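Visitor: Residue numbers (my numbering), protein chains in the order written: chain Y, 1 to 260; chain B, 1001 to 1198.
None of these hints come from the bench; they were simulated from the model.
Here the structure is a predicted model, which is why all the values come from computation and not from measurement.
Careful: at least some of the hints might be erroneous.
[What the hints assert, rightly or not] Below are the SDA-like pairs computed for lysine to any residue, each with C-alpha atoms no more than 25 Å apart in a straight line:
no., chain 1, residue 1, chain 2, residue 2
1, Y, Lys182, B, Asp1128
2, B, Lys1137, Y, Gly63
3, B, Lys1175, B, Glu1162
4, B, Lys1137, Y, Asn218
5, Y, Lys232, B, Ala1140
6, Y, Lys182, B, Gln1133
7, Y, Lys216, B, Lys1129
8, B, Lys1137, B, Asp1064
[What the hints assert, rightly or not] To give a feel for the contact side, a few chain Y residues facing chain B, derived at Cβ under 7 Å:
no., residue
9, Val13
10, Ser14
11, Gly27
12, Asp28
[Claimed, not checked] Where chain B lies over chain Y, by a calculated footprint (3+ residues, C-beta under 8 Å):
no., segment
13, 60 to 73
14, 242 to 251
No residue lacks a Cβ here, since even glycine has one placed at the ideal position from N, Cα and C.
Residue strings, one per chain:
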Amino acid sequence: MGIEFESKDEQRVSQVLASLSHVEPPGDFDVRVRSRIAAGKPLSPRSWFWPVFAGAAPLLLLGAVGVYFITQPESTVPSGIASAPSIEQEKPSFDPANYEPEVATGNTTDTSNAEKMIVKPPDVDNKMVVPTDQPRGPNIGGGSYEDTVDVKKTITPRGINVNPRMMPKPRDFDTPTVIPIKDVLTQIGVDSQGTSTGMKVVSVTVNGAANRLGLKANDVIESIDDKPVNEKTSYKGKFAGKKMRVIREGKPIEIDLSKP
Amino acid sequence: MADPKRTDHEIVDAVRGGDEAAFGEIIERYRGPITNFLYRFLNDYEEAVDLAQESFVRVYFALDRYHKEYAFSTYLYRIASNLAISELRRRKRRRLVSLTGLFGGEDEQDVEFQPPDTRVLPEDETIDKEREQVIAKAIASLPDKYRLPIVLRDVQGHSYEEVASILELGLGTTKSRISRGRGLLKGKLETYFVSDGN
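Between the sequences and the hints, there should be enough to build the whole structure, so can you do that?
Guide: Structure representation (C-alpha cells):
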C-alpha cells in the first residue's frame, strides 16, 4: 500500500481538511436537473460562442467597412462619386458613345493636305462652364453636386466620424484602482485579519515574498512607511511600501520591503 | 424511493432500458457529494450547485457511451472535475481582479485574486465559520493540479486509486501531487495544528 503521509504535518493537514463540514445542495436540485434534461439537451451556460458570434458577425462586418473608409487617403474619391460629372473627367453635353469625329472640309487653311482631320466636338472648348440652370443628375449620395467639383475636398460616406479627437476617452482609464491592504498582503503571501492595533498575520505562504522577508504567523503589522494600518487601509494605484513595522511577541521589528 | 440494494450499474441499465425515473436514484445518491466536491474546489456555492446540476445532465445524455469497466462514480466525478477546471479557466480569462502587476519576481505561481464568497452557508449555525473560511481560502490558493487531488482525497475521502482513476493520472503522480499540495497548505493551516492541540 505504501506510506500514506510523508510527515506528521502532512497527516495534520489531511485531518484539518477532513474536518470541513459537508454542504448540501438546495431542495429543488432534483427538479432543476430534471427540467434541464426535459429541455432536451445539456444546458451549458458556457456554450456561448455561436450565439455571440451570430450576433457579432454583422457588427464586425460593419466595423470592417467603416475602418476601410476611414483609412482611405484624403485624395481618394469614393468610387460611387467618381462617375459624377467633374471638370477633368467629363464635359457636359458631350456623349463619347455617340461622338463621331467630323472630317474637316474647308475648315482648314491648307487644302492640299488630304489627311482627315479630327475636330473637337462642337460644344467643347478649353473653358468649362457648369450650367447651373439645367437640372442636376441623379443624387448618388455622399456629398452635394458642388462638392464633386472641388476635388480637393474629402468626401466620406455619411455617418463616419473621421475626426479621432472627437472619440471620448474611456473613463476607466482615468480612474486609479483602489486596493485594500488585505489584498496587498495576500499578494505577498500573507493571510491577514484586522485587529485593533493593525493587521494580524494569520498564516504565511511557504514560498511567498512575505516568508522571504521574515514575516511569521501571529505577527501584527502595525504600520507601513510609518503610517498606521488597519482593516480599512487601502492604496490607490500601485503599492510601493518600503518598510513595515511589526510587533512580534510584544517586541517591535522593522521589516525591509525593498529586499529582493 | 431509492432502492439501496441496487448498484449504480443496475440503475444505469434500467435508465438505458427506458426507466427514466430510475435516474432519480443516481441524483439522490450523488447530489450531496458532487455539490460538496465542487463547492470545496471552487469556493462558490451557487457555481457549485449549477455545475453539479450540469454534471448530472451531461451524464444522463452520455449514458449510451458509458462503459462499465470503471465505477459510475468515477465517471460522474470526472465530468464534474472537467467542468470545474473549465470554470476556473473561464474565470482567469475574465480576469475578475488581477493584482499580480504590483509585485514582480515571485518564484511561486501567481495566485489569482478571487472576491471572497460572503454568502451564508446552508448549515452554518454550528460551524466555526471563520475557521472554515480560512481553510477554504487556503484550498483556493492551491494551483489546479494540486487542488483537485487534495479535495478528492482529503475532503471527499476517495482512495488514491479512485483519485488517480478520476483524474486519469498514474498512481505515483497522484500521490506526489497530493503530497505536494499538503506541503503547500501546511504553512496556511499551521495555526489550526496548534489550536487543535490545545
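Visitor: Please go over all the hints and tell whether each is borne out by the structure.
Guide: Hint by hint, here is what the structure shows:
Between the alpha carbons of Lys182(Y) and Asp1128(B) the distance comes to roughly 21 Å, so the proposed pair stays at or under 25 Å and holds. Annotation: proposed proximity of Lys1137(B) to Gly63(Y) is violated, straight-line Cα distance about 44 Å (limit 25 Å). Distance hint between Lys1175(B) and Glu1162(B) is fulfilled; the C-alpha atoms sit about 12 Å from each other, no more than 25 Å. For the proposed pair Lys1137(B) and Asn218(Y), the alpha carbon gap of about 18 Å is at most 25 Å, so the pair holds.
Proximity of Lys232(Y) to Ala1140(B) is assessed by CA-CA distance (about 24 Å); at most 25 Å being required, the pair is judged to hold. A distance of roughly 15 Å separates the Cα atoms of Lys182(Y) and Gln1133(B); the hinted pair therefore holds under the 25 Å criterion. Taken as a hint, the Lys216(Y) and Lys1129(B) pair is honoured in the structure, with Cα atoms around 23 Å apart against an allowance of 25 Å. At roughly 39 Å between alpha-carbon atoms, Lys1137(B) and Asp1064(B) are farther apart than 25 Å, so this suggested pair is violated.
For Val13(Y), the interface hint holds, the least distance from its beta-carbon to any beta-carbon of chain B being 4 Å, beneath 7 Å. A cut of 7 Å between beta carbons decides the hint on Ser14(Y): the least distance to chain B is about 5 Å, and the hint holds. Here the hint on Gly27(Y) is broken, as its CB sits about 10 Å from the closest CB of chain B, past 7 Å. Here the hint on Asp28(Y) is broken, as its CB sits about 10 Å from the closest CB of chain B, past 7 Å.
Evaluation of the coverage hint for the segment 60 to 73 of chain Y: breached, as 0 residues show C-beta separations to chain B shorter than 8 Å, against a requirement of three. Restraint check on the segment 242 to 251 of chain Y versus chain B: 0 residues with Cβ-Cβ distances below 8 Å, three needed, restraint violated.
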